[in-house]
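Novice: Top line first, the protein sequences correspond to chains H and X. Last residue of the first sequence? That's 605 in the working numbering, and every number before it is there in order. Last residue of the second sequence? That's 1277 in the working numbering, and every number before it is there in order.
For the record, the hints were derived by calculation from the structure and aren't laboratory data.
Stretches of chain X that chain H covers, calculated by requiring three or more beta carbons in the stretch to come under 8 Å of a beta carbon on chain H:
1. 1077-1085
2. 1102-1110
So these bits of chain H aren't anywhere near chain X, every CB distance computed over 10 Å:
3. Ser3
4. Ala53
5. Trp381
6. Pro448
7. Phe452
8. Asn453
9. Leu571
Straight-line alpha carbon distances no greater than 25 Å define the calculated SDA-like cross-link-like pairs of lysine to any residue that follow:
10. Lys1145/X with Arg304/H
11. Lys1071/X with Arg409/H
12. Lys1145/X with Leu1211/X
13. Lys179/H with Phe158/H
14. Lys1145/X with Asn482/H
Backbone N, C-alpha and C fix where the C-beta goes; we use that ideal spot for every residue, glycine too.
Listed here are the chains, written in short residue letters.
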Amino acid sequence: MGSWIDYTVNGFVIGNIYALLAVGLALIFGVANLINFAHGSVYTIGAYVGWAAITYLHTPLPVTMAIVALASGALGALIERVALRPLQNRARIAPLLATIGLSFVLDQLVQLIASPDPRALPSDLPDWRFAIGGGSIGAMDLLIAAVGLVSAGLLYSFLRFTKLGYAVRATAQDRDAAKQMGVNVDAVNSAVFAIASALGGLSGLLVGMYYNHIDPSMSFQATLKGVVAQVIGGVGDVPGAIVGSLLLGLTESYGIALFGSTYRNLFAFVLLIGFLLLAPNGLFGGRQKIEAEPLTGSFIAPSRALKIPALWIVAAIFVAAVLPWLHSSPYLLQILTNAWLAGLLALSLTLVAGTTGQMSFGHAGLLAIGGYASALLALDWNVPPLISVPLAGLFTSALGTALVSPAFRLRGHYTAIATLAIGEIVALVILNWESLTRGAMGVAGIPPLSAFNFEATSARSVYWITLAVLVALAGLQARLVNSHFGRTFRALREDEVAARAHGIEVTRYKSVAFAGFGAGVSGAISAHLFSYLNNQTFDAQLSLLAVTMAILGGMGNIPGAILGAVALVGLPEAFRFAAEYRILIYGVVLLLLIRFRPQGLLGTV
Amino acid sequence: MALLEIRGLSRSFGGVTAVDRLDLDVGQGELVSLIGPNGAGKTTTFNLISGLDRADSGSAHFAGRAIEALKPEQIAALGVARTFQHGRVFANLSVLDNVLIGAHTRLVAARPRWPGLGPLAELALALIRPPSVRREAARLEMEAKAILARFGDRLLPRLDQPAYSLSYANRRRIEIARALALRPKLLLLDEPTAGMNPSETAEMQGLIAELKAEGLTILLIEHKLDMVMQLSDRVYVLDDGRLIAAGRPAEVRADPAVIEAYLGHSAIGEAEKEAAE
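The shape of chain H in the complex, shown without the other chains (with noise of 0.2 Å):
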């Protein structure tokens, strides 16, 4: 009994937490029609600042507190204006893509000024709990309880009785109309970014003093924890955000309590799936209505791609195929064939994101399927790798649809947001199915690849492999876009309403685009080159940076989506310097893209 109201307690101030971050990503999505995702990144450099003012300056909680909502506060106005006011008038996606560029900016140089290493954060509140019934309840969970209510208070009073406030819900509600009005719509957004990071930055600080822990990869798991809370809520509800952050706090903690601290984020994203799927407009939302009619509402830039002449292509592949004989260096070859199986995964996700337009912030999980598929195949059932690497790439077909297929009838922001959620479940499956996957350990052992009494494991036979695969899964992509499918995907991309009053079936080719063989087959590939697989191998950030060489190469583009893969995996790890900085210097190709060539290099099909 006694450790329920623990649970409790520990739901409620986790919720709280939550409910700062999803504050403001409600704020921000009000005016600014953003998902935010550096906000997490906002929240770890919150928690840095504190964690620089208590040690170097010794300040007391009052003045850490009001330090790092400034910072965090002026961080926010910087990402802003710098990052997002440029990128006003393009599509919806293209912001949220930036805000993608920036946290990896952020969160990269964060980790390369304060080092990877967690570190403590201490707090200097008295050290004493009271009893309650037969739970307690510390100060520590008092403040942030302060906190929160504080904060819902001041922002109230803020958004009902201040001008700004009133400027605020009018923008939320017809930035065009409160325009016109004479509210200075710029002004507006600044403030808002102002005010959420604030209240995200102080978020940060407050979970860092509970768990006296903060680290540099924290920022990733908070945004996710904020937009579940927020899809919870319904997107842009500001009260909504709150309630659904406690919901998520509370489930979290019974959760954890029933079943164990490593399903802890499985909670979260199966309800953030029921939600989408469920009730896409949160708790208080209503009923969909059918969307305005737009002309083109998917991060696809007005723009002819670059006629490749086929004779180019055929000298490209000539080159990658005799490279082995003139430069046979295995340094170069290894990272090749890395590069040639990236192209893969980009191959997979430039028909998904750029051709059929669905954006996908989840494919690492497709790897992860083929990956285990694969491995699993070989070591308990001694399939050889020739039959379980295209068994993988099947069955990851399978499964990957039949995962995203509830996603299918989401669109925009929401499609991403579930491929995302979609890909953690993988990973967090993974993690717990330990009957079949072995948990935490990971699979090893797992044979290399070999036909017959062939056995591939030297760096040539392994690139001309995978050089193979990728040539052939290429045409074969060609094949398929230059045939109906082609125009039915971008039909789907371009105007799904007006293509399904065409006859279009919108899962039947959804499905189709989403089965991601070529990244199962990447996968299975990678498990045999790595010969170790665990729940990490392919994780999130994989998927965003496929996202990233799908949009340097030109959205939907084939020689692109291969160019990308090399230039973002190859060329980082060619240049040795650089990388420690892949991350970094991925973000900033990210936002250069956006801001100066959304259409990427190779335009966009």
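Starting from the known structure of chain H, arrange chain X on it as the hints suggest.
Specialist: Quick look at chain X alone, frame taken from chain H:
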């Protein structure tokens, strides 16, 4: 029995009843117009017929089949094509591809209708591309070009240009071409001449008259009343979601309720005078 039969169709959004117990028939080969002031519920009616929106109550039958609960793609497959009020061309698709999308429901060789395995077979056929599939693709492409040729030199020279690069009027034409490529049994046209100048409007009116003469059944939403009166066999007038008049163009034109809805109460006398002349 009429080709399209609507009985008691209602749809409200929040507290506003957009379509209120609508009864409407369109007979085979007829050109029927749906007119009324802005917000009368005309486009909502189109959305309900084409399955993009669900009615709260009432029924809709097409060629004897209940369609009010079908999905838009199923209704399209039955032979109902529509255009959109503000234009919904596929901006980054070429003019030709836009029209070919219209022919999607007519892909037979390329889209085997095997239960369960259909998508896999379709995928395999697209990759292998046997002669039957290639022939079908070539035939539909010819047909698409023939449809585009109906618009004279407006679209044909721009076959491979992306739709976004065309003028507004041309994008509206693409939409109609796309709908025609479905070989519809019933064509729903939502303000086909919106944003067109008088000569373009006349051209469009000529085309619609041609389609009618070929026997195509058309339900037309249009604000340009001269055009409505000249083209229509029958006219339905909606106001605030309710049917306020229906009948032959001349009858509707003289109907006081219609005149009031369009011009306000004071105009009735004058219009009657005009009608008497």
